[in-house]
Amino acid sequence: MHIPDGFLNVSVCAATGLAAVAGLGMSVSRSQAALGERTIPLMGITAAFIFAAQMINFPVAGGTSGHLLGGVLAAILLGPWAGALVIALVLVVQCFLFMDGGVLVLGANIFNMAIVGTLLSFLIYKALNRGIGHIPAAAVTAWLSVVLASGTCAVELGISGTVPMGLAIKAMLGWHIVIGIGEAIITCVVLGYVNAVRPDLITTRAEATT
Amino acid sequence: MTRKDILIGLGLALFVAIVLSPFASSSPDGLERVAEDHQFLDKATEKPLTPEVFPDYTIPGVENESFSTAIAGGIGTLILYFGGFGLAKLLASRRGHVSSQSGA
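Residue numbers (the numbering used here), protein chains in the order written: chain A, 22 to 231; chain B, 7 to 110.
None of these hints come from the bench; they were simulated from the model. Ideal placement from N, C-alpha and C gives every residue a C-beta, glycine not left out. A few of these clues could be false.
[Said to hold, decoys possible] Quick list of in silico lysine-lysine cross-link-like pairs, DSBU-like style, CA-CA up to 35 Å:
#, chain 1, residue 1, chain 2, residue 2
1, A, Lys-147, B, Lys-10
2, A, Lys-191, A, Lys-147
3, B, Lys-10, B, Lys-95
4, B, Lys-95, A, Lys-191
5, A, Lys-191, B, Lys-10
6, A, Lys-147, B, Lys-49
[Claimed, not checked] A few chain A residues that don't get close to chain B, going by computed Cβ distances all over 10 Å:
#, residue
7, Ala-36
8, Gly-65
9, Ile-145
10, Val-161
Looking at chain A on its own, in the form it has when it is part of the complex (with noise of 0.2 Å):
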């Protein structure tokens, strides 16, 4: 769901831009003491694997197709906000350098994808967690991510006036909330690989239990 520039009017850009700068300079403050030895070289696996995984569009229904997200992935591996931080890299590098979302909604696309995409989500999980379990809650908040951030995507379209309100928000839903079965099942494999192989990698483990 990467905004193409032309999409979304100069105020929502503007806003959106605001909020993605303070989410991501929170995430700065905050993800300094979540860093150790041991996460640094795993943010570049993940920013390197998601950029991967963005690549595979996989097809839905009624010829269209989706792809991953990747935010609750990244911040089950790396804590929500070198998580964000992870999927704000990967938004900017497909910026500038793929042609892949627009320049002057980037601040639109950081906002969607890494802060509600990832940040507000990984509450979501959080939350769940406690009542069913790690995995379960993975799949149901992947899922959630991506209709979410289809959302917030729908509700700039609809400020913007390109699209009717009302339109927009339905239409956006209704594919993502098909595209989001992807999400889950995408973020379940890899968390149980990582499981299987490393499960002292899942950073939000020991945070979880207590």
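Starting from the known structure of chain A, arrange chain B on it as the hints suggest.
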């Protein structure tokens, strides 16, 4: 993380970007589909505002599309590995010596 863990992780990411990317669906994604269905796809700015380095995940001038995507994907994956690693190092160094092993 050991050197072996890093090589396995980076190897998997490169495998996805280089080997799997040519098989990715070329259908529009959710947002593009909504833009098509509701006639606002043409609002997208046609001329990019920044220089086109790897337009649409390809290497300009490379004819074979799969090969072009695979190479662009591989380069991007390496950029993000070093970018993520560098960012983590920078963040960790800003708070002084790294010793914490705890989570967020």
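We went through each hint and held it up to the structure:
1. A:Lys-147 <-> B:Lys-10: 31 Å, holds
2. A:Lys-191 <-> A:Lys-147: 28 Å, holds
3. B:Lys-10 <-> B:Lys-95: 20 Å, holds
4. B:Lys-95 <-> A:Lys-191: Given that 35 Å is the threshold and the Cα spacing comes to 42 Å, the pair is violated.
5. A:Lys-191 <-> B:Lys-10: Given that 35 Å is the threshold and the Cα spacing comes to 47 Å, the pair is violated.
6. A:Lys-147 <-> B:Lys-49: 39 Å, violated
7. Ala-36: Given that every Cβ of chain B is farther than 10 Å from that of A:Ala-36, nearest at about 19 Å, it holds.
8. Gly-65: Not fine: 3 Å to the nearest Cβ puts A:Gly-65 too close to chain B.
9. Ile-145: 15 Å, holds
10. Val-161: Label holds. Min Cβ-Cβ 19 Å, cutoff 10 Å.
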